[in-house]
Amino acid sequence: MANAGQGALIWPSLLLVPFIIGFVAAWCWRHLDLGQGPTIGYSSVTAFIGLFGAWLVFREGMICLVIVAPLQFLITITGSLTARVLFKKSGPLCAFSLPVIFLAGVLEPRMAGPSSSVVTDTLVIHASPAQVWPHVLAFGPITEPPGFWMFRMGLPYPESTTNTGDAVGASRACNFSGNAVFEERIVEFEPQRLLTFDIVKAPPDPELLGHLDAHRGQFELIGNPDGTTTLIGRTWYTLHVRPGWYFDPWTELIFREVHLRVMRHVRGLAELQR
Amino acid sequence: MCGGLPNSSVDRRLFTFVTTRLRWCAGIPMAPQLFDAVLAVWVSVTDRSRMRAMEQLERRLCAMPGVSIGIHALGGVGFRFKDVEFAHLHATGLFDVLLRPGDAETVRRRGEARPHHRFPESSWVSYWINDDRDIPGACHLASLATDCLAAGIALPKSATD
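Chains as they are written, first to last, in this note's numbering: chain V, 140 to 413; chain L, 7 to 167.
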């Protein structure tokens, strides 16, 4: 997949592709006179084959396949059930529908490019910003086992963060499980208040490749009148898969769990110091 | 009443909720078809006798002279007689049939069908397929419509006619 701004070919959304798969499958089955039940069954098998093929041939990550599976199954079935009825009629309607579907597959990606957004999470820490700040800059291994089901399934989760300096331009490394490392560079540094870093290199993980780019992370500390600190974590990202209304919530969920794992660890370290 | 009664299954309650409270979703392209597909998957898993009855009804109606099937705009399968849609079958087993006003009143009075689930005053009537015992009743309603159309009698054009 490529960026729309580069004028390269973009795959249709994961709404249109399974629909076309189901549509074409129903065309192949048109002489079998299938009812709704068998169509649903065969379409489910078709969808499963598609997911298996994505894993085997395209090396798609397991988490990605789990996320996309409900959409894949339902939209493939919808395409098959729709086309099943369409292809029971003979005549120009059938002949007309196939070019329309093809054109939709070509034109649709040109109408919607990648979507960018930011995930923000907030945590109150019972410690001052001065006590929280050192642990935001860097922290040792998070030994607590992951609770989030996707982390337990194999999605990389944060383990530690290291840095080479405390100033703009310094490098950071956020180490995830499975030896996945996000290399970062500090772009904003206001002690005890704001740390912003660009993600300059992401690990070559199949769960990310071609699907999602995380660009920037940020920790903001706000000192509260009662001596506590509000820690705000943000991640800016671009999603290359569509439809956004389906994948954005999943993406937010994953970044949220990453944020909270780190922020809870920082909270634990800071509050222990008091 | 010998058949065609609704039950309170999950899919039918969901269908009622969506068609009464979320009717605006029908304007989203392919949304009705997607919703119908979801319901069809649910019914095929949880109530296979109902799904089999629906398939059998579809086959029986398609075997009637002049009847063809197509996509119903609000989800489900539409049945047409010479390009006039006279009935449609939703994935919940809800079978809506368009009759002459007189026939509609008669079948409602006899209990052979119920008033349409959305337009009870119209010439549309509703009949629920639960299992294969409901097929004869559904076919009877369909033949009332096709007999009119075959005789050149026009059916009301919209639910408000």
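By construction, these hints were calculated from the structure, which means they are not laboratory data.
As the structure is a prediction and not an experimental result, all values here were calculated from the model.
Cβ coordinates follow ideal geometry from the N, Cα and C atoms, glycine included.
Watch out, some of these pointers could steer you wrong.
Derived CB-CB ranges, DEER-like [claimed, not checked]:
(1) L/C68 x V/R355: 25 to 35 Å
(2) V/C167 x L/C145: 26 to 36 Å
(3) V/D344 x L/L28: 35 to 45 Å
(4) V/S256 x L/R116: 52 to 62 Å
(5) V/L171 x L/A32: 25 to 35 Å
(6) V/V163 x L/D138: 27 to 37 Å
One side of the interface only, derived from the structure: several residues of chain L facing chain V at Cβ under 10 Å [claimed, not checked]:
(7) Q39
(8) V44
(9) V49
(10) S74
(11) V83
(12) A97
(13) R139
Using the beta carbons of V/L171 and L/A32, state whether their distance is inside 25 to 35 Å or not. Between V/L171 and L/A32, where Cβ atoms are some 31 Å apart, the hint holds.
Just to be sure I understand the hint, the distance between the Cβ atoms of V/V163 and L/D138 should be within 27 to 37 Å; is that true here? holds, 32 Å
For the range 25 to 35 Å, tell me whether the beta carbons of L/C68 and V/R355 fit it or not. violated, 59 Å
Holds or violated: the hint that L/Q39 contacts chain V, with Cβ atoms closer than 10 Å. holds, 5 Å
Does L/S74 hold up as a contact with chain V if the rule is Cβ-Cβ below 10 Å? holds, 6 Å
Does L/V83 hold up as a contact with chain V if the rule is Cβ-Cβ below 10 Å? Holds: closest Cβ of chain V sits about 6 Å from L/V83, inside 10 Å.
Under 10 Å, Cβ to Cβ, is where L/V49 needs to be relative to chain V, so tell me if that hint holds or is violated. holds, 9 Å
Just to be sure I understand the hint, the distance between the Cβ atoms of V/S256 and L/R116 should be within 52 to 62 Å; is that true here? Holds, at about 59 Å.
V/C167 versus L/C145 beta-carbon gap, inside 26 to 36 Å or not: Taking Cβ atoms as reference, V/C167 and L/C145 lie about 31 Å apart, which means the hint holds.
Report holds or violated for the interface hint on L/V44, using the least CB-CB distance to chain V and a cut-off of 10 Å. Holds, about 6 Å.
L/R139 as an interface hint toward chain V, with CB separation required under 10 Å: violated, 18 Å
Would you say the C-beta atoms of V/D344 and L/L28 sit inside 35 to 45 Å of each other? Holds: the Cβ-Cβ distance is about 38 Å, inside 35 to 45 Å.
The structure does not agree with the numbered hints 1 and 13 stated previously, though it agrees with the rest.
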